[in-house]
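So the protein lines, in turn, are chains Z and Y. If you read the first sequence in our numbering, its first letter stands for residue 1, the second for the next number, and so on. If you read the second sequence in our numbering, its first letter stands for residue 1, the second for the next number, and so on.
Check each hint, because a few of them may be wrong.
[To be verified] Over 12 Å on every C-beta distance to chain Y, these chain Z residues come out as not near it, computed from the model:
| id | residue |
| --- | --- |
| 1 | Asn41 |
| 2 | Thr72 |
| 3 | Pro103 |
[To be verified] One side of the interface only, derived from the structure: several residues of chain Z facing chain Y at Cβ under 7 Å:
| id | residue |
| --- | --- |
| 4 | Tyr39 |
| 5 | Gly43 |
| 6 | Lys58 |
| 7 | Lys77 |
| 8 | Leu88 |
| 9 | Ile102 |
[Stated by the list, open to error] Some, not all, of what chain Y presents toward chain Z, calculated at C-beta under 10 Å:
| id | residue |
| --- | --- |
| 10 | Gln6 |
| 11 | Thr7 |
| 12 | Pro8 |
| 13 | Gln17 |
| 14 | Tyr33 |
| 15 | Gln37 |
| 16 | Gly52 |
| 17 | Leu61 |
| 18 | Arg63 |
| 19 | Phe64 |
| 20 | Phe69 |
| 21 | Arg96 |
| 22 | Gln102 |
| 23 | Gly105 |
| 24 | Gly107 |
Think of the hints as simulated: they come from the structure by calculation, not from any bench. Virtual Cβ for every residue (Gly too), placed ideally from N, Cα, C.
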Amino acid sequence: AQSVAQPEDQVNVAEGNPLTVKCTYSVSGNPYLFWYVQYPNRGLQFLLKYITGDNLVKGSYGFEAEFNKSQTSFHLKKPSALVSDSALYFCAVRPIPGGSYIPTFGRGTSLIVHP
Amino acid sequence: DSGVTQTPKHLITATGQRVTLRCSPRSGDLSVYWYQQSLDQGLQFLIQYYNGEERAKGNILERFSAQQFPDLHSELNLSSLELGDSALYFCASSTRQGIDEQFFGPGTRLTVL
Chain Z
1 AQSVAQPEDQ
11 VNVAEGNPLT
21 VKCTYSVSGN
31 PYLFWYVQYP
41 NRGLQFLLKY
51 ITGDNLVKGS
61 YGFEAEFNKS
71 QTSFHLKKPS
81 ALVSDSALYF
91 CAVRPIPGGS
101 YIPTFGRGTS
111 LIVHP
Chain Y
1 DSGVTQTPKH
11 LITATGQRVT
21 LRCSPRSGDL
31 SVYWYQQSLD
41 QGLQFLIQYY
51 NGEERAKGNI
61 LERFSAQQFP
71 DLHSELNLSS
81 LELGDSALYF
91 CASSTRQGID
101 EQFFGPGTRL
111 TVL
């Protein structure tokens, strides 16, 4: 069975500082990994994904994530946080090959960027 | 705008009633997913359809059912509603299964009184 852990319910960071939102996963085999963001009263929006290749993935709005197979992690990062980045962030994973086509989502991490 | 539309945006109903939530996927997307989001349970996968056929089931109650029509829109039917069914219900679509990211609709907020 696949699972995702987002160990922090909330991350607080000052505007202009770097931010990291953590994600670790457990799957049989290799993973597809995704990050989504949810702004208040909105649906989830896709940020980036790792399928194969370069371990550093760049996505929307200046976000990037690093796939670390040995640590089974896929942390989301941004060099300089904006107040507008404040939102709920979800990590998701599904195994390859085969298995369920349905990604498993983490419980989400609330990012609060202070002015 | 993700291109996925959901109606209605808000729904208030009473316990024991039945409601239907509607979803239109992005143009060209064959796969539709339904999720329930609540504060205590997080984002829960309910059911997936691919080109009209049910492909995967998650934590969907027997009181809930869904279908995908030939024009690819989907409906989620919730019956014998209970207070605990109050939640945000999201529809998402993707081009292919698994490898592609999902595009989420704005959600339907269901309140059961």
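Hints, verified against the model:
no., hint, result
1, Asn41, "violated, 8 Å"
2, Thr72, "holds, 19 Å"
3, Pro103, "violated, 8 Å"
4, Tyr39, "violated, 11 Å"
5, Gly43, "holds, 3 Å"
6, Lys58, "violated, 14 Å"
7, Lys77, "violated, 19 Å"
8, Leu88, "violated, 10 Å"
9, Ile102, "holds, 5 Å"
10, Gln6, "holds, 8 Å"
11, Thr7, "violated, 14 Å"
12, Pro8, "violated, 14 Å"
13, Gln17, "violated, 24 Å"
14, Tyr33, "holds, 7 Å"
15, Gln37, "holds, 9 Å"
16, Gly52, "violated, 16 Å"
17, Leu61, "violated, 17 Å"
18, Arg63, "violated, 21 Å"
19, Phe64, "violated, 16 Å"
20, Phe69, "violated, 21 Å"
21, Arg96, "holds, 9 Å"
22, Gln102, "holds, 7 Å"
23, Gly105, "holds, 5 Å"
24, Gly107, "holds, 5 Å"
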